[in-house]
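Engineer: So the sequences go chain by chain: W and B.
Note that this note's numbering has the first sequence beginning at 1351, numbered continuously upward.
Note that this note's numbering has the second sequence beginning at 1064, numbered continuously upward.
Treat the hints as calculated values from the structure; they're not laboratory data.
Quick list of in silico lysine to aspartate or glutamate cross-link-like pairs, DMTMM-like style, CA-CA up to 20 Å:
#1 K1114/B x E1383/W
#2 K1132/B x E1089/B
#3 K1114/B x E1418/W
#4 K1132/B x E1403/W
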Amino acid sequence: MKGYIGEFEELVLLTIAVLGDDAYGVLIKEDIENRSNRPISIGALHSTIARLEEKGFLKSFLGGATQERGGRRKRFYQLTHAGKSALHDIKNLRDELWKKSKANLALEL
Amino acid sequence: MNNFNHQPPRWIKRLFEWYCSPEVAEDLVGDMDEIFYQNVRSMSPFRAKLKYGLQSLTLLFSYAVRHRKKNFSTIPDSYHSFAMYQSYVKIAVRSLAKQKVFAVINIVCLAVGMSVGLMALSAWVDVLKVDNFHSAADRIFRITTMVDDKSERREFASSHAFLAEKLRAEATGLEEVVAINNEFVSEVVVSPSVTIPFRQGYYVTPNFLDVFNFPLLAGDKRTALVKPFSILLSQETAEKLYRDGQALGKVIEIKGLGQFEVTGIVATHPRSHFYFDVVTSLATREQLEQQDKIQRSLMSLEPVTSSYTYLLLDENANGQSLQKILKQSASQVMHANENKISLAYSLQPLADIPMSELNNEIGLSWGYMSLIIFFFLSFLVLLPACFNYANISVARALKRAKEIGLRKVSGGESRHIFLQMVMETVIISVISLSGAMLIFYGVRSQFLQMIVNGERTFSLEVTPFTFLIFLAFAILTGFIAGVIPASYFARLNPIQTLRNSSASGKLSKVSIRKGLIVVQFALSLVFILGVSIIVKQYRYALNFDHGFQKENILDVQLKDVNEKVFRSEIGKLSDVQSISMSSSIPGNWGASSEYMTLSNASDSLQIYQMFVDEHYIANLGITLLAGTSFPEGQLDEEHYIIVNETFLKRNSITSPHEALGKSFLFREKSMSIIGVVKDFHFLPLQEQIYPFMFRYNPKFFQFANLKLRSNDIDATLASIEASWNRLTEQKFEAQFLKHELDDSLVSYRSMVKIFGFLGLLAITISSLGLLAVVISSAESRIREMGIRKVFGASNTNMVMTMSRGFLKLIAIAIAIATPFTYFMFDSFFLKMYFYRASIGVPEIAGGIGFLLALVCLIIGTQTFRVARINPVDTLKYE
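Only chain W is shown next, with the shape it has when bound in the complex:
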């Protein structure tokens, strides 16, 4: 497995996967904020994205000009193959751990 993925990085990668072709900064931020119910700063988000790009899990391209951003283009993100396989790897690891620890993790109701 190449590269270690942190919790927030995993969240970002998965959200990009969920958003599909529409994944760009603001939408990713909103999606994460809505689902996880925690405010995140745009600086933190872009830093994480930059790291993920550096690790080769993400690739990006600029979209067309948009009116609502004063003509500024959006940068869209896509998972690379390495990104997908890294997600798979971590999911496998989790599944394995869950399976083995089920007896101890039962919530007491």
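Position chain B against the provided structure of chain W, taking the given hints into account.
Structural biologist: For chain B alone, kept in the frame of chain W given last:
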């Protein structure tokens, strides 16, 4: 929908894009904008903007931006990175450390050059702050009067008293009208024998304190001026009258005016153009006029009055009705003056008052001319310092040319090198700022003492605000000084610099540098010669023979003592040789003048006069050419005059003896000449000797002139004062004639100080500049000198070879400066003095000698140092 009424803060966006470069940040800025427009819909615009700022801050320092910038760094436009500036600073510090001598010379030069500028700047800041503590300062105006009496147009700060009443009744758009009269000058009677005079008092309308926010230490500002005969004291005055300053509610007596109740104490306040010790109401003045205690002048329509009118305009006033009333009133006054003058009122904003130079100013005035002269002087000192820097840097170019060449070869662009060089200069000038401030602190108090009212008009304090201005000034200076060398370096051709073609260090074709040295030394010489000429004139005036005796004459103010009583009482003292009486002090401006029609001419002649007694001429040792002094004993009526030689010349009387007994009709009285004295200087030396006469009239005696013969002046003075105290309760005030005359020369002393200080600065700057140029020129000729020495040149020989070029320049400077100074002083400065010392060879030779000695010291030490070096070492050089 999107709310486009609110935009994200532009400056944040600019800053962000500048830092990241637009190409890198496009999508990030887009993201931020989008979030902002969303936020604006759900929260207040202010919070949205705040959020925008916070977000841009988190992004600015985020890994995302750093990462992107790193990957973008191949783009040529990313030169404004922080690292670049860091490297500039580092290089600057290193190159300063490498050339310590030159760094020190540069820093000292710039510090000296900037010091006068700092003074001018802080004076300017002081003027800006005058009267800015009134809450409605921007709506306060003063009515000024332009009077044109056909021969002269003059603008007065005063205006007519009736205006206030009229404007209050008729004009619209006025919130308040404040009328002030500044004739309230008298003394506070503390006890029957002790009075304390106050310098300036105002009669004002009660709204004075509403419009002008002078803080009250005690008292209620709403009621303080309502009742007649209530008075406000300044804190200073209150402390003078009562040691604890607790004056509120006390009743004080003002000499000749009556009892006043103290209703408030005005605290020491920020600088204002008003200047008062006491304030009372105009209603008080009206009552005083009715009681005939003061002259009626309030409703006067004379062209010039002692009344002042200030207006507080409404927030949205338009001046139309105001202008109309002012025009009407002006024609009213013109009519009252039989249309001999034309007169116009205008409005002057409060903020413009300190810088304006009007006649009849109500309090303090600053004046723009003095500030302009001040700034011009500081410019005159700063400019040579800046040129010096440029000169030295370019002279040192050889040392740095290789560095620049290498930078250029490895991709440095001209503007990078320009920026680096300017940065270096700015760093030096900011370091010099500390030195300049040291000089500033050193001379500040001296400077304040030199100007009239200095302590009151200027503080020259360094507040954080002035410090910021100083800093901006230093940076600007650095920029100006750095532009020439920086653009020189930026233009350098790397191929030539790297080919090691060494430019000659001789002062050959660099004509600008030559010219600069000439100008600097010419300027220094002007100052040196100026000081020596003024000192000579000062000495001349100090030892001038006025035609009367100055030594051992004590002038005592008679005050309320009868001169006969004085004579009999003081005459008993053994140390007092003789006593005479006079109306004024000779050699001062005290002599009054009268006009007198001559028998043989239709013109009237202005004749200066002094009233003296029969002992005066002998007592002061004035030479009597013919006739006698006034006859002994009292005369009921004036019969005789004693005149001077000039009087005879004007009346075409040839010999003194011929004049005796001649009568002149004077104010319908016939007076005959009883004596003729030799011309003596009854006016200061600025003036020539005019026709003059002594008259005898005890009514006008103000001074007793005691001739003393004593070995112990202090004891004599004490005994005179003791006798005086038996005669009256008044204070004993006396001064030696010699001291009095010397004191009138105080203007020379401050002129010597100013010239001396500026001369010192100019000499320092030009000497340091010369030193640097000589050092660098000598260093670059080390090998040449080595070869000369091998061929047998002697040390003196080589010193001469190296110095010749510089000495020529100094000679040119002397040739320019000497006639210039001579002309300037002979035809302008000394014109102010009718009796003056001639400018002689000794002063000029002395000044030139001093300059030459200095120059030879600078050049000699450096060239001799190079000449002495062992040629074995120098030829091994490199």
